[in-house]
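Undergrad: Heads up: the protein sequence lines correspond to chains B and G, in order.
Going by this note's numbering, the first sequence runs without a break in its numbering and finishes at 476.
Going by this note's numbering, the second sequence runs without a break in its numbering and finishes at 116.
A portion of the hints provided could be inaccurate.
To be verified - Okay, derived cross-link-like pairs now, BS3-like style, lysine-lysine, Cα gap no bigger than 30 Å in a straight line:
1. Lys-101/G with Lys-345/B
2. Lys-281/B with Lys-315/B
3. Lys-72/B with Lys-384/B
4. Lys-97/G with Lys-72/B
5. Lys-90/G with Lys-72/B
What the hints contain is simulated information worked out from the structure, not anything from laboratory work.
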Amino acid sequence: MKNDKLTCDVLVVGSGPGGALTAMILAEAGIDVILAEEGPSIAAEATRSYSLEEMEAKYRHGGMTVAFGDPKMNYLEGCCVGGASEINAGLYNEPATDTIDGWAREFKISDFSANALEPCFKENEKILGVTTMQGALGVGSRILQEGAHQLGWKGIEIPRMWKYSTASADGSRNSMSVSFIPRAVNAGCRLLSSVKIVRIDHAHGQAQYALTQDDRRIFFNTVFICGGAIQTPFLLLKSGITKNIGKSLKVHPAIRTVALFDKTASDQNEGVPVYQVTQFKPQLTLGGSFSGLPHLALWLAGSRSFAQKIADHQKMGIFYALTVAQGQGCIKNIPGINDPLVSFKMTDMDLKSLGEGLYRLGELLFAAGAREIFSPLQSEIIFKKLEEMSFLRQGLPRSQVDCSTLHLFSSCPMGEIASSAVDSWGKIHSFNNIYLNDASVLPSSPGVNPQAVIMGIARRNVLKFISKKQVSKNNI
Amino acid sequence: MRKIVFSLVKSVVAKALGEEVATKTACLDPISVLLLKKIEAMPVWLKFPIMTLTVLFNILGVFSTGLLFEVQSFGQQIKTVDAWQNSPIKLCREFIKFYEKLALFIYYSDPSPKKI
């Protein structure tokens, strides 16, 4: 395949929520598009959700990815057609209007406001079938709801990108591989799966072609890079594009715990509980994780009476406290190495927030009837009443924190200020034809699951690109 | 490497679920294979430290028992894992925890009804 050449008007790199949406809108506007995805194309129903086989097939590095730091932080990325949307819970949560309007002011983003984004959100929601659950909430959600009710705390059911059919009462994710991507392909987009772009060749502020891992060149007039908050800056850094790239990674760190109840507390069919406690938003969100037997085993590993504990697995659930970190991270390219070096620096305030989050989670779970809460700091410690958790509010000890994140963003922030990497419409400053359209351009933390706002901004930016393209075409 | 990982998996399963389970379970070899595959798939920043530490762990067995970890008796292997698990050095504890978590995750990912 060496020296094979491909050409297109627009190349979209990455097929997650940002890339899939970008490719669909461009293709439906009649533009010649290639959508290149590093991962394989795997049918959405080919693997069980959150299973070992799904990790092997759809996660980058089989799910074994870590941001270095003190403490280190595990993170997850999708690596298949559809990207992260193929492995997450499909939760869809718009940020507060104050957050979006605040971004416009702080980062000087032109024509940007909650009102301006609203039609983009609505259009995406229509295609993705964003909806609340049909039927009763699952057991994990009911526990969270019960705790919130007992304490008088606010909570909501988060809608999901979900489709229900007569074939399956539980429904399934309306991920990119079954929503935007088929529409893009139907409109003429060429989908190249298992094609990794390793470099963007450019000169004098103009990108010319993308080089694939197997030495093919894809020539284009414009490229949209949509590889996510880690891979997008990594590709740019490898291509020698460095200004404000990969230096301001933000995340929502989460700390998890297992609670034991006197009743059934987990149901593998529930997936990720959709109910979240929002009393302390935006700083803190309390919710539930997928609580399958392997995940409980992973969590309880190392405790002395493991066999005894795991025997009660149906009465256990995994729950989390998710915070907005003040700290930030960076993505580095070390020449000759194919993986990005990711690091994240948590501040003392972040550890205090996580400690407060864990304490509040304990309060919620005890109010919901938890008999025991296993400490995520040391596997031998079991909390039996809330007072035993009070010390957590002073902040978690760095050496004992085991946290993780699924929400990564802001590694190439948009705006018109000195520290922004792309302009108000996603174009890299000082380049004519390189756009970013994914989580990396979020100016800062949305305080909620970022999937909705990534797609909202992606739609806004690609529509602007098309309108500019049409204007310049008419002028010619 | 495979023999070291197999012995490690057997020892951590024994510590978690009892020696009888570890001795009788036929799936430990496939677990070791899957675990090695997961290590192989890791980013280079994790893969090489884990592999180096695994080899080091094997060699350091010589100083405590006169034998590499992989050729120690099952009882000795459990004691070696126990010593690392309770070591004052965080890296040693984290190393065992890594294998323990992955081995048990893979063990319980097998949907056959023999578990618990």
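Undergrad: Tell me the numbers of any earlier hints that the structure contravenes, in ascending order.
TA: Hints that this structure does not satisfy do not exist here, as all of them hold.
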